[in-house]
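Novice: If you're matching them up, the sequences are chains D and A in order. Residues 1 to 364 (this note's numbering) make up the first sequence, in order. Residues 1 to 364 (this note's numbering) make up the second sequence, in order.
Warning: the hint list may mix true and false statements.
Unchecked claim - So the derived list for chain D, only partly shown, Cβ under 8 Å to chain A, looks like this: (1) V20; (2) K288; (3) Y290; (4) A298; (5) R299; (6) G302.
Please keep in mind that the hints were generated in silico from the structure rather than gathered at the bench. Cβ atoms here follow ideal geometry from the backbone N, Cα and C, with glycine treated the same way.
2 protein chains.
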Amino acid sequence: MTASLTSLVNHQVRLASRPVGRPTAENWQFTTEPVAEPGAGGVLVKTLALSLDPAMRGWMNEGKSYIAPVGIGEVMRAGGVGVVVASHNPAFAVAEHVTGGLGVQEYFSVAGDQLARSGLARIDLRLGTLTQWLNVLGMPGMTAYFGLMDVGQPQPGQTVVVSGAAGAVGQTVGQLARIKGCRVVGIAGGPAKCDWVVRELGFDACIDYKAPPPQGGGSAASPQGSAHWDPVKAGLREHCPHGVDVYFDNVGGDILDAVLARLARGARVVICGAISQYNNTTAVQGPKNYLSLLVNRARMQGIVVFDYAERYPQAIAELAGYVKDGRMKSREDVVRGGVAAFPGALNKLFSGENFGKLVLQVAD
Amino acid sequence: MTASLTSLVNHQVRLASRPVGRPTAENWQFTTEPVAEPGAGGVLVKTLALSLDPAMRGWMNEGKSYIAPVGIGEVMRAGGVGVVVASHNPAFAVAEHVTGGLGVQEYFSVAGDQLARSGLARIDLRLGTLTQWLNVLGMPGMTAYFGLMDVGQPQPGQTVVVSGAAGAVGQTVGQLARIKGCRVVGIAGGPAKCDWVVRELGFDACIDYKAPPPQGGGSAASPQGSAHWDPVKAGLREHCPHGVDVYFDNVGGDILDAVLARLARGARVVICGAISQYNNTTAVQGPKNYLSLLVNRARMQGIVVFDYAERYPQAIAELAGYVKDGRMKSREDVVRGGVAAFPGALNKLFSGENFGKLVLQVAD
Numbered sequence: 001m002t003a004s005l006t007s008l009v010n011h012q013v014r015l016a017s018r019p020v021g022r023p024t025a026e027n028w029q030f031t032t033e034p035v036a037e038p039g040a041g042g043v044l045v046k047t048l049a050l051s052l053d054p055a056m057r058g059w060m061n062e063g064k065s066y067i068a069p070v071g072i073g074e075v076m077r078a079g080g081v082g083v084v085v086a087s088h089n090p091a092f093a094v095a096e097h098v099t100g101g102l103g104v105q106e107y108f109s110v111a112g113d114q115l116a117r118s119g120l121a122r123i124d125l126r127l128g129t130l131t132q133w134l135n136v137l138g139m140p141g142m143t144a145y146f147g148l149m150d151v152g153q154p155q156p157g158q159t160v161v162v163s164g165a166a167g168a169v170g171q172t173v174g175q176l177a178r179i180k181g182c183r184v185v186g187i188a189g190g191p192a193k194c195d196w197v198v199r200e201l202g203f204d205a206c207i208d209y210k211a212p213p214p215q216g217g218g219s220a221a222s223p224q225g226s227a228h229w230d231p232v233k234a235g236l237r238e239h240c241p242h243g244v245d246v247y248f249d250n251v252g253g254d255i256l257d258a259v260l261a262r263l264a265r266g267a268r269v270v271i272c273g274a275i276s277q278y279n280n281t282t283a284v285q286g287p288k289n290y291l292s293l294l295v296n297r298a299r300m301q302g303i304v305v306f307d308y309a310e311r312y313p314q315a316i317a318e319l320a321g322y323v324k325d326g327r328m329k330s331r332e333d334v335v336r337g338g339v340a341a342f343p344g345a346l347n348k349l350f351s352g353e354n355f356g357k358l359v360l361q362v363a364d
Numbered sequence: 001m002t003a004s005l006t007s008l009v010n011h012q013v014r015l016a017s018r019p020v021g022r023p024t025a026e027n028w029q030f031t032t033e034p035v036a037e038p039g040a041g042g043v044l045v046k047t048l049a050l051s052l053d054p055a056m057r058g059w060m061n062e063g064k065s066y067i068a069p070v071g072i073g074e075v076m077r078a079g080g081v082g083v084v085v086a087s088h089n090p091a092f093a094v095a096e097h098v099t100g101g102l103g104v105q106e107y108f109s110v111a112g113d114q115l116a117r118s119g120l121a122r123i124d125l126r127l128g129t130l131t132q133w134l135n136v137l138g139m140p141g142m143t144a145y146f147g148l149m150d151v152g153q154p155q156p157g158q159t160v161v162v163s164g165a166a167g168a169v170g171q172t173v174g175q176l177a178r179i180k181g182c183r184v185v186g187i188a189g190g191p192a193k194c195d196w197v198v199r200e201l202g203f204d205a206c207i208d209y210k211a212p213p214p215q216g217g218g219s220a221a222s223p224q225g226s227a228h229w230d231p232v233k234a235g236l237r238e239h240c241p242h243g244v245d246v247y248f249d250n251v252g253g254d255i256l257d258a259v260l261a262r263l264a265r266g267a268r269v270v271i272c273g274a275i276s277q278y279n280n281t282t283a284v285q286g287p288k289n290y291l292s293l294l295v296n297r298a299r300m301q302g303i304v305v306f307d308y309a310e311r312y313p314q315a316i317a318e319l320a321g322y323v324k325d326g327r328m329k330s331r332e333d334v335v336r337g338g339v340a341a342f343p344g345a346l347n348k349l350f351s352g353e354n355f356g357k358l359v360l361q362v363a364d
């Protein structure tokens, strides 16, 4: 370690307490430490950008899940991309770009015996930009790829519906389903996202779940009509006349129920997330239309991306090919301001404010 | 048709109106008709016994399902066994025993061109008794067989849980899973059913969902303890320490949620029915623990037995073999009183009063 590195300061964001509902400032603690010496076989990475994901909300809760919760006082878990600034390991050279579980901090120092657990891996910027490595070539892209292909199993000509269509996972799910020959209907919030999904990404249609009742026509505009207006139900009726063969669910709640009511025979429902439920202070809203699985001989199945780690290289190669030939677009919503901006940026996910994969830029 | 047949009277039960909640006397109409001449190629069957099934409640509702609803004024749909009393069809001889959609009536007369649709088929009483042909060798047995084997896909050594364990489908699911080398835990209501399931059918354990809190131990017996006592949660903790690999659900509601909370990695949840929800006057209770499917990479899938019609003979042969060699027992709860007893008998299913496959005896 050179003398210049030991003078570096590491700003960090730690979990101070477990949130009830949406995270607030009180749940976070800002700390400053000298940069830690990585030690024999270790690596020191300077964080360039962090991935902000709905799953982070789950990691803040106590209790059993697919991954251990972040402990109180620990640096908040986050995937990110960075650059190697010091290395005592032949697998990583200074100035190489890497991705891995860097955490919400400016420097990630990992000991040699912790390298495997950190998932640190070199990335090739010829395949995609830094932020694309947090999006289509990163965890969201992997989640989309294996969730759609392995669990959803779409067949050419089938109808695929994806919620959170303008989000990180949704955008890749929809474009990949189109490439595989499916008819694709997105669900997203607001006309800007819906327009982008259809015009830029080439979805066949997109349902705006926030859409107001149609103008004109006395009954629809009446208070009673408004009370019963459900843009998702109406949109599914219009755009999925033969039912839904694959539903990739990122949101849960009422939207999941609306799609369940329109499943085609033998449909597959991929449970990837339930962002509408993550900040609930009461019980999760169970899908009251789940018996549609019986009527339609359909199945609902969960996916955890880590199970497919051995096949990431194959998926990255395929997706990078689509990015290169222009069939796959990737939109990132980059928030600046460094790690101090993390708490506010995270909440953009839950308000639906982000447009594309949410990324926190930590350094240039 | 002989002169003696034309003098026969056919007592019938028809759907008079659609029930709200549990069916009442007002929903039924009793009619009496002369026995109808089956016509060219047709068959006349005398009903001996009818199958009473939870699914009947669904057939009484309006709206799209896996099968058309029974129309108002129509004879109530029911599967049954009977004996051929007149035949103009070489495939059926007088005095042969048959099974099929006879309806809640004393005589079933079917025209030649309606025979295929009626599903009428000869049964071999050497393979099982008349009531066994409505149970382990009938629709409940077929539902158990294909739901468990095709959807549940149990592996030897895995833990299989089945609700409605003393019911028609549940008893066969559990015994079949035992034969396939699984550890089997039933869920049933009351000590008599649970004892029978364990002692007679050889389940490894049975959870009594009606069990009171354990005696002794101050806190458990306190009002507060009682309020939080959940015999299903406690039973699953005790009997499924490594989680549930296959859950065959006949009941839905809170029991489904309790099992979801204890799924093993990669579990399969077979959605066969939801008897706890069939008489709801409000929305179905959705499984609020459905995100356990994500955490555990599990799947939930519906089954409709009719899809497997081509493979019934194979399943019947296998199950009849187990009946013959004593590994498969079959219990029927036979209600007497003819078709007039149908409305009261049906409600035994929803009160949980029946013990074993519920059968209505119509004639000796």
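Novice: For each hint, tell me whether it holds in the structure or not.
Specialist: Structure-based check of each hint:
Look at V20 (chain D): its Cβ only gets to about 18 Å from chain A, farther than 8 Å, so that hint breaks. Below 8 Å, beta-carbon pairs count as interface contacts, and K288 (chain D) has one with chain A at about 4 Å; its hint therefore holds. Satisfaction of the interface hint for Y290 (chain D) is found here, the shortest Cβ-Cβ separation to chain A being roughly 6 Å, below the 8 Å cut-off. Given the 8 Å rule on beta carbons, the hint for A298 (chain D) holds: about 6 Å separates it from the nearest Cβ of chain A.
At its closest, the beta carbon of R299 (chain D) sits 4 Å from a beta carbon of chain A; the interface hint therefore holds under the 8 Å criterion. Given the 8 Å rule on beta carbons, the hint for G302 (chain D) holds: about 3 Å separates it from the nearest Cβ of chain A.
The structure shown violates just one earlier hint, number 1.
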